[in-house]
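Construct all of the structure, not just a fragment, from the sequences and the given hints.
2 protein chains.
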Amino acid sequence: MDTVDAATPPTRLLLGPGPSPVHPDVLEAQARSVVGHLDPWFLGVADEIASMLRQIFRTENQLTYAVSGTGSAGMETAVVNVVEPGDTVIVGVNGVFGGRIADTARRAGADVVALEEPWGRIVPPERVESAMKAHPEAKLVALVHAETSTGVNQPLEEVGQLLKDTDTLFLVDTVTGLAGVPLEVDAWHLDVVYSGTQKCLSVPPGLAPITFSPKAEAVIDRRSSTVRSWYLDVSAVRNYWGGDRAYHHTAPTTALVGLHEGLRKVVAEGLETRWARHAEVGQLFQEHIQDRDATLLAQEGYRLPQLTSVGWPDHVDEGKMRRRLLEEYGIEVGGGLGTFAGTAWRVGLMGEGATHSHVDRLLEAVDELLEG
Amino acid sequence: MDTVDAATPPTRLLLGPGPSPVHPDVLEAQARSVVGHLDPWFLGVADEIASMLRQIFRTENQLTYAVSGTGSAGMETAVVNVVEPGDTVIVGVNGVFGGRIADTARRAGADVVALEEPWGRIVPPERVESAMKAHPEAKLVALVHAETSTGVNQPLEEVGQLLKDTDTLFLVDTVTGLAGVPLEVDAWHLDVVYSGTQKCLSVPPGLAPITFSPKAEAVIDRRSSTVRSWYLDVSAVRNYWGGDRAYHHTAPTTALVGLHEGLRKVVAEGLETRWARHAEVGQLFQEHIQDRDATLLAQEGYRLPQLTSVGWPDHVDEGKMRRRLLEEYGIEVGGGLGTFAGTAWRVGLMGEGATHSHVDRLLEAVDELLEG
Numbered sequence: 001m002d003t004v005d006a007a008t009p010p011t012r013l014l015l016g017p018g019p020s021p022v023h024p025d026v027l028e029a030q031a032r033s034v035v036g037h038l039d040p041w042f043l044g045v046a047d048e049i050a051s052m053l054r055q056i057f058r059t060e061n062q063l064t065y066a067v068s069g070t071g072s073a074g075m076e077t078a079v080v081n082v083v084e085p086g087d088t089v090i091v092g093v094n095g096v097f098g099g100r101i102a103d104t105a106r107r108a109g110a111d112v113v114a115l116e117e118p119w120g121r122i123v124p125p126e127r128v129e130s131a132m133k134a135h136p137e138a139k140l141v142a143l144v145h146a147e148t149s150t151g152v153n154q155p156l157e158e159v160g161q162l163l164k165d166t167d168t169l170f171l172v173d174t175v176t177g178l179a180g181v182p183l184e185v186d187a188w189h190l191d192v193v194y195s196g197t198q199k200c201l202s203v204p205p206g207l208a209p210i211t212f213s214p215k216a217e218a219v220i221d222r223r224s225s226t227v228r229s230w231y232l233d234v235s236a237v238r239n240y241w242g243g244d245r246a247y248h249h250t251a252p253t254t255a256l257v258g259l260h261e262g263l264r265k266v267v268a269e270g271l272e273t274r275w276a277r278h279a280e281v282g283q284l285f286q287e288h289i290q291d292r293d294a295t296l297l298a299q300e301g302y303r304l305p306q307l308t309s310v311g312w313p314d315h316v317d318e319g320k321m322r323r324r325l326l327e328e329y330g331i332e333v334g335g336g337l338g339t340f341a342g343t344a345w346r347v348g349l350m351g352e353g354a355t356h357s358h359v360d361r362l363l364e365a366v367d368e369l370l371e372g
Numbered sequence: 001m002d003t004v005d006a007a008t009p010p011t012r013l014l015l016g017p018g019p020s021p022v023h024p025d026v027l028e029a030q031a032r033s034v035v036g037h038l039d040p041w042f043l044g045v046a047d048e049i050a051s052m053l054r055q056i057f058r059t060e061n062q063l064t065y066a067v068s069g070t071g072s073a074g075m076e077t078a079v080v081n082v083v084e085p086g087d088t089v090i091v092g093v094n095g096v097f098g099g100r101i102a103d104t105a106r107r108a109g110a111d112v113v114a115l116e117e118p119w120g121r122i123v124p125p126e127r128v129e130s131a132m133k134a135h136p137e138a139k140l141v142a143l144v145h146a147e148t149s150t151g152v153n154q155p156l157e158e159v160g161q162l163l164k165d166t167d168t169l170f171l172v173d174t175v176t177g178l179a180g181v182p183l184e185v186d187a188w189h190l191d192v193v194y195s196g197t198q199k200c201l202s203v204p205p206g207l208a209p210i211t212f213s214p215k216a217e218a219v220i221d222r223r224s225s226t227v228r229s230w231y232l233d234v235s236a237v238r239n240y241w242g243g244d245r246a247y248h249h250t251a252p253t254t255a256l257v258g259l260h261e262g263l264r265k266v267v268a269e270g271l272e273t274r275w276a277r278h279a280e281v282g283q284l285f286q287e288h289i290q291d292r293d294a295t296l297l298a299q300e301g302y303r304l305p306q307l308t309s310v311g312w313p314d315h316v317d318e319g320k321m322r323r324r325l326l327e328e329y330g331i332e333v334g335g336g337l338g339t340f341a342g343t344a345w346r347v348g349l350m351g352e353g354a355t356h357s358h359v360d361r362l363l364e365a366v367d368e369l370l371e372g
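Protein sequence lines correspond, in order, to chains F and W. With our numbering as the guide, the letters of the first sequence map in order to residues 1 to 372. With our numbering as the guide, the letters of the second sequence map in order to residues 1 to 372.
If you're looking for bench data, these hints aren't it; they were derived computationally from the structure. Heads up, some of the hints might be wrong.
It does not matter which identical chain is meant; a pair holds if it fits inside one copy or across any two.
Said to hold, decoys possible - When the alpha-carbon atoms are kept at most 20 Å apart in a straight line, the in silico DMTMM-like pairs for lysine to aspartate or glutamate are as follows:
| id | residue 1 | residue 2 |
| --- | --- | --- |
| 1 | Lys265 | Asp2 |
| 2 | Lys215 | Asp2 |
| 3 | Lys133 | Glu327 |
| 4 | Lys265 | Asp5 |
The structure is reproduced here in structure tokens:
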């Protein structure tokens, strides 16, 4: 058989849209001895993960856990468990990730009402209000809290107020938002909320924190059709994370021990402190990058500090500069997606990445590349 | 916020149905520095993973990769990509995992013809032949190669011969089989085959190796309906693992670097050598456990060496003995599922677990527990 050499990764400073830099303690935690997914010791770890996730989501939702897949698996879990064929679903689409929610809802049999907005703009709460008036039967309104393709920070509170006393659920994608900008699941009346580990939590990719409100659980309990996914069916998975610990699938125990360590770091820093750190570092970067002939593509007043979409003028070859940044400086940033492909960067200052010294390193490298 | 202590796992000898013991080199590989999923270095690692998986699956299938989820996500990927609503699907059901394939196929809209057999028995190839005569329109025949709930080693070659010149696909679950017992994807004419990392590959749980034959790819390309899962849609995922490296979801890079190291160990040992080691160690255990008043629940002649279902007589409290084995000896074995719950153990001697000394440790502990 053909042998290959061991994989020895180059050292990278990860300032793209994810994965973000991971603290050595988290990597070390993943390398501890493996235990079984039904081991009583491990079930205690799972309980602590759920408890810390509740603190970070700012919720008392019982049904809070980590999906055994990446953030996109969290998205699919959120959608397929509450949507049934024929349901009306209102989705804000102002970037890649709103589009994915719409796509997934259609695959689950929903009639999707897409509220399209230009990339880089928020979905105005008034648009959701009008859509709700036109479609009072809507099962669900879905918005992306932190659009990773544009860097927009979507306001959520007004829509939460609008929906809280209705039968309509509020589904929120906070893959890039959680632990980076304020999010209040209970206070804002959010019902189904998912994230990913490889953004502001600074844990390797592969798990998707998720939480369901009692209102969402009631909708799941009243389903008349079977969930289209076996793997992501919450009715089965919650028996593992909940009381009777029934086997559903083999939980990824080493990755979860890594997540446990990463959540401990978030809790130790304090959520407000972490939000403030992201705000300060992101603002610093956004101020200074504009001095480099670049523009910020997200709407003013609604910019995520942890994910900035940077538009380059025509005379800058963003792809070439991005490759040189990786190869010569060991710094990863992301390219633009969709509308922004070929003209923009996505710069992530997330979790362990959100420091003044990283901003300095990036700006110095950019200056050298722009000169050279 | 409430803080919790770091998770320091107890040392366990994992001789249950998975996860199996993991070599320290694999754990160390997972703890190397994190890289991005679109980093050119990482894409090279992904290519090497696919290449090693082809060697271990014994296939030249181009579409061979690791699903970003556990073995059950591999199962769902296999089923939902080839099944469309209204398709007839023939599924052998002689344990938990055949039942899951049937369930998942139904969720994908299939009409399932379940070939039920008693737990611990194979699905006779003649039954498949009769079912194919009754349902020549069948899109798919699905069998479980290595039934983790019973320890049965399902013969596959005759069914492969039967289907190879038809339009019907052959789907095989080898979650517990791969790298533990002979499997020949190409020579046996298997079309959609999936596994898990936490069994005979001895890699932590969280990824599902999968391979699709050109015949299966052609079926996927001819679909008239959209795949019901966005996350597991092969038509999108293959653009990441294949030529143009399009972003679909953030690949779990650290887990994949761990898989790379685990596959290197399989290739270095040699597949036939690894099969022979599992055969020898499993047979040793199966011979000796029968001297302890226990019976083997899988049909003679079709017993997996790497996963043994052990039936205990009425006077043995298997649950109590299993708990004591974990707590006092640090050895994990699994309890029975379904029909076998409360009366049986499932003993895995898989990957790094398949050694003479582990069999000795387990038998000594069993003897002490049976005496005490």
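List of violated hint numbers, smallest to largest: Those not satisfied are hints 2 and 3.
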